[in-house]
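**Q** Take a look at the letters that make up each chain.
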Amino acid sequence: MYKFAHIADCHLGAQKYPELKKLELEAFKTAVTRCIREKVDFVIISGDIFHSNIPDMNIANESVKELKRLHDSNIPVYVIYGSHDYSPNQTSMVDIIASAGLITKVVSGSFVDGKLRLEFTTDEKTGAKIVGLSARKRGLEREYFKRLDRKYLEEEPGFKIFVFHSGIDELKPEFLSEMESIPLSLLPSGFNYYAGGHIHKKILHEFGKGYIAYPGPLFAGSMRDLERSAKGSKRGFFIVKFEDEIENVEFIPIELCEFEYIEYDATGKTALQVREELLAKINSIDVNKKIVIMKVKGELASGKTSEINFSDLRRALMDKGALHVALNYHSLTTREFTEIKTKATEIEEIEDTLLKENLASVESRLDILKGEKGFILAKNLLSVLRQDQKPNERKEDYENRILREAISVLGLEEVLG
Amino acid sequence: MDIVGQIVGGGVSKITIREKSDKEIELGDLLVVEHDKEYVILQVYDLNYASQIPQDIREHVAGMQLEGYGTGTEFMEPELRNYIVADAKVLIAIENGTPKIPKRLPRFFSYVRHPQEKDFSFLKKPKNPIYLGKIRSGSKVLDLDVYLDANEVIRHHILIPATTGRGKSNLVKVMLWSLMDVENVGILVIDAHDEYYGRHSSGLKDHQNAKEKLVYYSPNALTGTNTLTINLRSIKPMHFEGIVDFTHAQEEAIRRYYNQFGDEWIIEIVRGTNIEGVDSRTLNVLRRKFDNILGVFTDEDGSIKCRTKVFSDVAGEATIHSIVSDMEDGKIVVIDTSRLLDQAELLIGSMITSEIFSRYQYYKSEGQLDDKPVIGIVIEEAPRVLGKEALQSGGNIYSTIAREGRKFKVGLIAVTQLVSEIPRDILANMNTKIILGNELSSERSAIISSASQDLSKDDRTIASLEKGEAIVSSVFTKFAIPIKIPLFEEMVEMDKGNGKSDDSEIVFVG
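So the protein lines, in turn, are chains A and B.
All letters in the first sequence, in the order written, are residues 9 to 425 by the numbering used here.
All letters in the second sequence, in the order written, are residues -12 to 497 by the numbering used here.
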């Protein structure tokens, strides 16, 4: 009997707060330790090991140490790029680690007679045949799937694993209903296991003779992940036992800390009322060493949202020993002010909605600034401008790097020399 | 002017025309009467023999001819003495190019002629056109396309009554084909026969805009299309209203499960979880009922399975949301329910329809409705949800839409063989009727009595409509327009070659 581990969406480097950064790495270390202890034959990471293509150097260092542990235990690691750790115009940390021989990318292929022919990577010890398709932005990924040489993949004999980093229409959860995804029918059939990434929820779905599996994140790639963890979603990865067929798929939970979820509807209340009731709630619960997610929503009858003084609420929770406090009051409005309403609750979704809304009113003669093209350009530019200065990077180098990348995104290299 | 007859009598409701001997006037023919810059379009609804010779002499002469009493029994100047008279009604008067409801008779003894395309130049192609076919005069087809404005007619509902084999599906396909070119219309087609997408033959998939405009769900998905999978958690008790009959005890049990388990209510019933206040016999009946309707049951491991694979406790969480979003994006969503039982099909329709209606109610309350496309819901065998029997136990989402949908830009495209089964108040709300042939007298009366124009004289015309012939009666047309609907397959064939190439070069980066 052979075993492999299926991990996805580690999003190393996603967290900004030290206490969460620590937990994020801890989750990865725990998964690696468990894989070594379970003596898995290989590990599959189906995208988004890192939160960005070039993560913080400390994160890179710590994760390389963990991958080295697997390497030293003779456990090969097979990976694909995710939607976060790939850059179309830059080298990714995934490439560097692959070049060092600690991981193997399983995405290889070419167009043959208009069809995309993917080549299998065979795991030496188990003979499992692994093939992958990395995440790509906006439609290209779907196009790859549509043009897959399905027959070639389906006719390959043996125990086969298809690794991918895409949402699937039929399997994505309701809270990700707006996520770009592909229909189930675009997956090639006949594989024993479909190792998915990108959907941040544990899903195990019978498909043909095997399973489509999404382990979800090891810890959290976003505020929403933390919120869902606090609401009870389990985080972890799969260990799959197999011979010629799948024998068993087991979810290995990773529980590093406790969560407390507080949801409060402020509709019809005054700002001061909300403040008092929330403080009373805080006093009545045990938050010691817990991650506290507090979501305040609704429309205040009077007063400003600032009068609730969320800093005070945060302080009160921290004073009671909370490990970390995340406040979400994006859905809180007040009658006293007119705000742009959006149904989104994640910062990225809100950003997308606002960009699209505002782009609709932009008058420009340039196609690239309008509609979907304008939206993608703005998103890419924002993602460049959002980058932090790297440790030991001089300010001037940092500024030059950002400027260079921004010019490249805008396609102005030739104009500006 | 090519004269075919002359007005010889009658009144407002019946104009009598003598047919010219070498011309032919057919039942349903459109005829034109000109006067100065005005003209009037008439439609023939009855034809009769007329003669200057008394009946007993005609019978006597016929007897002589039949029994072989020699030659020379022909009438003198027969074209003057024996002729045909047509009864016609005034459809529309055109004054200085503007169509008006006629309020006076055409001049006595006016000549009448067959219409030409230019006589209908007042018919304009609207901004959001639904194509129905070409204008028909009797069995003759004029080269003049008939369109309705999708934005107006869909939100005010369309009824397509006809008996089997008169071309209902062909008409809906033709309409949907033309809507593939229209941006501001979202359509839901619950396709009980899997005939609209074109899995095995021509279909909407062959349209040049199919890639952007058409979404297809099927339990047996083709590569690149969506698998119809609906999560059991998406089903609410209200979705069964007017679709499945539950006893009072069963309704009460459902209410209790929903209160206790929320979205998990149906899963817990299927699992057979006992709860306080629900008799185990009632629970077992409900389990059997859901097994029958949805095909869901638990296997020996306690896992939930579905015979049709459409309902799931794992997959399909976002399906309803995605379908509704696609409609909101102005797409045509075709759902193949050919493998499902009647009630499961209606349930899925009810879930989607409830969601879109609820969203549009919200948009209206937020003042955003004007930015949204009009939504049409194609429902076949409409009396299943709009019939008197279905509505006996209270309303359902379809009857709500029939009554209130126009305020929220949501309308029905209801297809039926049995109009008489639909209550009058609902029929009265369906402001466009595309009437195909119908041999059932009771159905014709129901259609005629609810039409937007006075069709009281058209009973015989409707009975005699051939396959593909129809009459469009709408509050958005000045008169009931006779049309000839093209064959869908021919339409697809004609549009071939307009397809967009999907072979753009892409590079693979691993």
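Any given hint could be a false lead.
To be verified - Some chain A residues well away from chain B (every beta-carbon gap over 12 Å; in silico):
no.: 1; residue: L28
no.: 2; residue: Y94
no.: 3; residue: L148
no.: 4; residue: R158
no.: 5; residue: L194
no.: 6; residue: H213
no.: 7; residue: I220
no.: 8; residue: E255
no.: 9; residue: G276
no.: 10; residue: E356
no.: 11; residue: F383
Stated by the list, open to error - Keeping only pairs whose Cα atoms sit at most 30 Å apart, straight-line, the calculated BS3-like set for lysine-lysine is:
no.: 12; chain 1: A; residue 1: K364; chain 2: B; residue 2: K7
no.: 13; chain 1: B; residue 1: K292; chain 2: A; residue 2: K249
no.: 14; chain 1: A; residue 1: K217; chain 2: B; residue 2: K394
no.: 15; chain 1: B; residue 1: K296; chain 2: A; residue 2: K378
no.: 16; chain 1: B; residue 1: K394; chain 2: A; residue 2: K364
no.: 17; chain 1: B; residue 1: K483; chain 2: A; residue 2: K154
no.: 18; chain 1: B; residue 1: K359; chain 2: A; residue 2: K364
no.: 19; chain 1: B; residue 1: K296; chain 2: A; residue 2: K381
no.: 20; chain 1: A; residue 1: K239; chain 2: B; residue 2: K292
no.: 21; chain 1: A; residue 1: K145; chain 2: B; residue 2: K114
no.: 22; chain 1: B; residue 1: K114; chain 2: A; residue 2: K11
no.: 23; chain 1: B; residue 1: K292; chain 2: A; residue 2: K209
no.: 24; chain 1: B; residue 1: K223; chain 2: A; residue 2: K209
no.: 25; chain 1: B; residue 1: K223; chain 2: A; residue 2: K242
no.: 26; chain 1: A; residue 1: K154; chain 2: B; residue 2: K114
no.: 27; chain 1: B; residue 1: K198; chain 2: A; residue 2: K277
no.: 28; chain 1: B; residue 1: K192; chain 2: A; residue 2: K159
no.: 29; chain 1: B; residue 1: K351; chain 2: A; residue 2: K378
no.: 30; chain 1: A; residue 1: K159; chain 2: A; residue 2: K123
no.: 31; chain 1: A; residue 1: K305; chain 2: B; residue 2: K223
no.: 32; chain 1: B; residue 1: K292; chain 2: A; residue 2: K217
no.: 33; chain 1: A; residue 1: K381; chain 2: B; residue 2: K114
no.: 34; chain 1: B; residue 1: K359; chain 2: A; residue 2: K378
no.: 35; chain 1: B; residue 1: K292; chain 2: A; residue 2: K210
no.: 36; chain 1: A; residue 1: K364; chain 2: B; residue 2: K276
no.: 37; chain 1: A; residue 1: K210; chain 2: B; residue 2: K223
These aren't lab readings, by the way, just hints derived from the structure by calculation.
Idealized CB from N, CA, C, for every residue including glycine.
**Q** State for each hint whether it applies.
**A** Comparing the hints with the structure gives:
no.	hint	verdict
1	L28	holds (28 Å)
2	Y94	violated (9 Å)
3	L148	violated (7 Å)
4	R158	violated (7 Å)
5	L194	violated (6 Å)
6	H213	violated (5 Å)
7	I220	violated (9 Å)
8	E255	holds (15 Å)
9	G276	holds (18 Å)
10	E356	holds (18 Å)
11	F383	holds (15 Å)
12	K364/A to K7/B	violated (68 Å)
13	K292/B to K249/A	holds (24 Å)
14	K217/A to K394/B	violated (50 Å)
15	K296/B to K378/A	violated (42 Å)
16	K394/B to K364/A	holds (28 Å)
17	K483/B to K154/A	holds (23 Å)
18	K359/B to K364/A	holds (16 Å)
19	K296/B to K381/A	violated (39 Å)
20	K239/A to K292/B	holds (27 Å)
21	K145/A to K114/B	violated (35 Å)
22	K114/B to K11/A	violated (62 Å)
23	K292/B to K209/A	holds (21 Å)
24	K223/B to K209/A	holds (23 Å)
25	K223/B to K242/A	holds (26 Å)
26	K154/A to K114/B	violated (35 Å)
27	K198/B to K277/A	violated (49 Å)
28	K192/B to K159/A	holds (23 Å)
29	K351/B to K378/A	holds (28 Å)
30	K159/A to K123/A	holds (10 Å)
31	K305/A to K223/B	holds (25 Å)
32	K292/B to K217/A	holds (16 Å)
33	K381/A to K114/B	holds (27 Å)
34	K359/B to K378/A	holds (20 Å)
35	K292/B to K210/A	holds (19 Å)
36	K364/A to K276/B	violated (46 Å)
37	K210/A to K223/B	holds (24 Å)
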